[in-house]
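A.B. asks: Those sequence lines, one after another, are chains A and B. Quick note: the first sequence, position 69, residue 69 per the numbering used here, numbers continuous. So the number in the numbering used here is just where the residue sits in the second sequence, counting from 1, plus 1000.
FYI, nobody ran anything at the bench for these hints, they're computed from the structure. Model, not experiment: these values are computed from the prediction. Hints may contain errors.
Unchecked claim - Covered by chain A, per the in silico footprint, the following chain B stretches (three or more residues, Cβ under 8 Å): (1) 1039-1053; (2) 1100-1107; (3) 1173-1183.
Glycine is no exception: its CB is placed at the ideal position from the N, C-alpha and C atoms.
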Amino acid sequence: MSIQQHDGQAAPGAPQQQAAQGNWPNGIAPYSSPIPMARTHLGHALVSEWTKIRTVRSTVWTLSVMFALVVGIGFLTALGLSGDDFTGQPLLAGGLFGLMLGQICVITLGVLVVTSEYGTGMIRTTLTACPQRGRVLLAKAVVFFGLAFVTTTLACVLTALINSALLGDQTRPSYVNAEDFSGSFEGGKVVASGGEWLGATVGAGLYVALLGLLSLAVGALLRHSAGAITTMLGVVLLPLVMALFMVGEALQDVRRMLLEYSPLNGLASLYRIPMSEDQDATGWPLLGGLAIVTLAVLAAAYALLNKRDV
Amino acid sequence: MIELRDLTKRYGDKLAVDGLSFTVRPGTVTGFLGPNGAGKSTTMRMVLGLDEPTRGDVRIEGKRYAELREPLHSIGALLEAKGVHGGRRAHDHLLCLAQSNGIPERRVGEALEMVGLQDVARKRPKGFSLGMGQRLGIAAALLGDPRILMFDEPVNGLDPEGIHWIRTLMQQLAREGRTVFVSSHLMSEMAQTAEHLVVIGQGKLLADTSMSQFIAENSRTHVRVRTPEPERMRDLLTEAGLRPVPGAEGALEVDDGDAPRIGELAAAHGVVLHELSTQRASLEEAFMRLTAQSVEYHAAAPGGTHAPPVPQEGTAPHPGGPQSPPGAAQPPPAWGEDWQDRKGRRG
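Given these sequences and hints, build the entire structure.
C.D. replies: Take a look at the structure:
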């Protein structure tokens, strides 16, 4: 109805339409800027979001702490396991422990990328500069995911190299049954297969970056830093913690399911030390599941972002 | 040019903005005046597409905000809530905004220089004073060299030098042919800056008029007379065709009377005068009177000489007129009493 008023017959609109064509009542011509302007597109939003993410200290802090935790704990674990004899753990599995802590930093950063804008009121400035809200969310998601994936994968690669260097010359002790660890040994020395390498580097990097992206989406839904971080910690830790206390016979199925679909199990499976009963799990199906959940929550965040007032 | 049509925003039971229709034109500074909580900021957020109107719409140069190709080039805004990440350096804050609209990076330095923040470009706004934060917000508004500028309470937190600076800036921007729309809750501030005035109270349009018209219609002058014989004086004045009204401290207040004539009248009849002075109502008082009355529109029209000025634009509805039933008008209360009264009743 209001559109009709604008374009249609409404009498008061007529003189203003005239005015818009250059007939200014007070004789001052409308201002025209000498600055060249381009029609904005996603590329502008991506560059802008990249500037934003690299110019706040929280990015530097969370990612440095993540890097230090993953590589530092990975190194200490490898040092502890080093020795002449194989300890019964896949060669690269030691990287998991550092990454379990390090992923919390990525989750925190993912949440902050969105909620810090709500906390400071920056979101109003952002959406004034770019009223296409979906474009803002997409740019944030792409920039954050790229950064998180690259840094996490780098940390994981470094950790895997450390593990391989420190533990790679271990030999199989006589009491270990060779058939239980088929593929882990080559010429009597412990090795990691190509699949193990891929899982412990790119797989782990993807998994944690996806968790971070899920956090970003949860942050966009809740618009509150503490709330979103707490929610994400719950999502990551609670299934495992709950499963630990489910001892009764009746709860066995629930317990099994919680363990299987715990986000931590996905990560552990990528390192080939799954917590579920399926000891051959590679973690990739769980990673796919995480990707689907993340996309669904992102879609919900997109829908709400367009609907809400800011 | 900003056009508002029947713009309405409801939060739960409360109508924050109630059927606002007016046009902000280029080439002048348009003041947007209203007491705290009148709906100014909500209106501005709806202009920027941040809040979705419950009803009605806003057009920026004929377009909805979301349809603007290069929003920062069309409209620059300073919102009351700062909208700055405290940990991002001033330069970087402006840079990310410039990049989002494809504005060349050199504009960042120019904008910082325009507001006098070039020395703190590498500092984080967390440590900025209120005035510096306000200047950074203005730099962001100027970044795209926009045709429309919208400032929400821009003088808040500025020192006298800063206030003078922003006044001059707004007038200069308007002279360049830009549309300048600036909100304030201070009439005195607007009187010095704006040429056109839009007044709202409780979300409703109270006046849409030029500043000079507003001053002419609202700054009422009266003559104040104090005498030991007030009753005799009143009779004399009434006989002379004037309408004295009892004022404070036993004084008489005479609308439309000129002091020399009243003085001569008293002298001719041998009445002793203790005071004879011309009182000019300040714009601030006129504004308070106008906005305080908005409370009463739901009940009865104040009517008489106290009705707000008729809006200039044909598009703007007269707030008192059409809605109020004819014949409901009450005799005008004594000058000045009514807004004080109503304020008291409200609180």
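A.B. asks: Count residues of the stretch 1039-1053 of chain B with a Cβ under 8 Å from any Cβ of chain A, then say if the count reaches three.
C.D. replies: Holds: 6 residues of the stretch 1039-1053 of chain B have a Cβ under 8 Å from chain A.
A.B. asks: For the stretch 1173-1183 of chain B, count the residues whose Cβ lies under 8 Å from any Cβ of chain A; is that count three or more?
C.D. replies: Three-residue rule met by the stretch 1173-1183 of chain B, so holds; n is 4.
A.B. asks: Taking 8 Å as the Cβ threshold, is the statement that the stretch 1100-1107 of chain B is covered by chain A upheld or broken by the three-residue rule?
C.D. replies: Per the Cβ count (6), the hint holds.
Figure legend: structure checked against the earlier numbered hints; every hint is met.
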